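Enquirer: Listed here are the chains, written in short residue letters.
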Amino acid sequence: QKEVEQDPGPLSVPEGAIVSLNCTYSNSAFQYFMWYRQYSRKGPELLMYTYSSGNKEDGRFTAQVDKSSKYIPLFIRDSQPSDSATYLCAMSANAGNNRKLIWGLGTSLAVNP
Amino acid sequence: DAGVTQSPTHLIKTRGQQVTLRCSPKSGHDTVSWYQQALGQGPQFIFQYYEEEERQRGNFPDRFSGHQFPNYSSELNVNALLLGDSALYLCASIIFGTQQPYGYTFGSGTRLTVV
Chain C
156 QKEVEQDPGP LSVPEGAIVS LNCTYSNSAF QYFMWYRQYS RKGPELLMYT YSSGNKEDGR
216 FTAQVDKSSK YIPLFIRDSQ PSDSATYLCA MSANAGNNRK LIWGLGTSLA VNP
Chain B
4 DAGVTQSPTH LIKTRGQQVT LRCSPKSGHD TVSWYQQALG QGPQFIFQYY EEEERQRGNF
64 PDRFSGHQFP NYSSELNVNA LLLGDSALYL CASIIFGTQQ PYGYTFGSGT RLTVV
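From first to last, the protein sequence lines stand for chains C and B.
156 is the number of the first residue of the first sequence in our numbering; add one for each residue after it.
4 is the number of the first residue of the second sequence in our numbering; add one for each residue after it.
It should be emphasised that the hints constitute simulated quantities derived from the structure, not laboratory data.
Since the structure is predicted, the reported quantities are computational estimates derived from the model, not experimental observations.
The C-beta atom is built at its ideal place from N, Cα and C for all residues, glycine as well.
Keep in mind that the hints are not guaranteed to be accurate.
Simulated restraints, written as ranges between beta carbons of each label pair [claimed, not checked]:
#1 T101/B <-> Y194/C: 39 to 47 Å
#2 Q186/C <-> D65/B: 28 to 36 Å
#3 E170/C <-> R58/B: 23 to 31 Å
#4 E56/B <-> N182/C: 23 to 31 Å
#5 N62/B <-> Q186/C: 15 to 23 Å
#6 D233/C <-> F63/B: 21 to 29 Å
Quick list of in silico lysine-lysine cross-link-like pairs, DSBU-like style, CA-CA up to 30 Å [stated by the list, open to error]:
#7 K255/C <-> K16/B
#8 K255/C <-> K157/C
#9 K255/C <-> K197/C
#10 K225/C <-> K197/C
#11 K222/C <-> K16/B
Model the full structure from these sequences, guided by the hints.
Expert: See the structure below:
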C-alpha cells in the first residue's frame, strides 16, 4: 500500500463545475499537508497547505483535513479552463530539517469551456 | 527575484552513459533537494544538500550522486543510465531551518530521456 494515494483520473468537467479531488494516506505520523498544482512541462507549484484538522479556504480552493479518516480532499469551486492541470497532494511527518515530502501520484484535471 | 533555475531543459542519453543536471536555487535559499518524477507518477525524493553535504537520501542507488557548490547551486549526476531513469528531474530549494515543509520552491525540471 502506498503511503499517499490519489485517484489518477483523468477527470474531465465542464467550466463552472465543483471539483472534488481525493487524497488519502496511511501513515498517521504525517502532520503537514500540501496541495500542489503542476501544469504540463512545469514543476509543481504550491497551491495550499495546512497542518490542522478542518477546512482551509483560499479563493475558489478549499482543502479539508480529516486526520481520523486520513483523508485530505481538495475542492475547487467555479472551475475554470486555467485550472486544467495535475493536482498532487504531498505530506510530511516532520518540520525543520528532517522533513521530506511524500507525494501521491497526482490527479489529472481537464476543465472544458 | 529569480526562482529555481534548472538546466538543461531536455536531454536525451543512451543507456550506460552518464549525465549531469544542474540547479540554481532561489535567491536566499541555501538548501537543495532533488526529486525524480516518472511519467504519471508523483515526485520521489532522491537527496538533499546543505553546506555542500548530502543531508538526507531517499531510496535511490549509488548511481545517483550529487554535489553542492559554495554558491548553493547543485548538480545531480547519474551514472550507467538505465531506461528506467527516464523521468522529469526536479530541483527544489528552501532556506535551511525553515520549519514549514511547504516552503519549497520547485524548478521546472529537466526532462531526461534514456534510449
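Enquirer: Each hint should be assessed against the structure and marked as holding or not.
Expert: Do the hints match the structure? See the list:
no.: 1; hint: T101/B <-> Y194/C: 39 to 47 Å; result: violated (25 Å)
no.: 2; hint: Q186/C <-> D65/B: 28 to 36 Å; result: holds (31 Å)
no.: 3; hint: E170/C <-> R58/B: 23 to 31 Å; result: violated (45 Å)
no.: 4; hint: E56/B <-> N182/C: 23 to 31 Å; result: holds (27 Å)
no.: 5; hint: N62/B <-> Q186/C: 15 to 23 Å; result: holds (22 Å)
no.: 6; hint: D233/C <-> F63/B: 21 to 29 Å; result: violated (41 Å)
no.: 7; hint: K255/C <-> K16/B; result: holds (29 Å)
no.: 8; hint: K255/C <-> K157/C; result: holds (16 Å)
no.: 9; hint: K255/C <-> K197/C; result: holds (20 Å)
no.: 10; hint: K225/C <-> K197/C; result: holds (29 Å)
no.: 11; hint: K222/C <-> K16/B; result: violated (44 Å)
Comparing the model with each numbered hint stated earlier shows that hints 1, 3, 6 and 11 do not hold.
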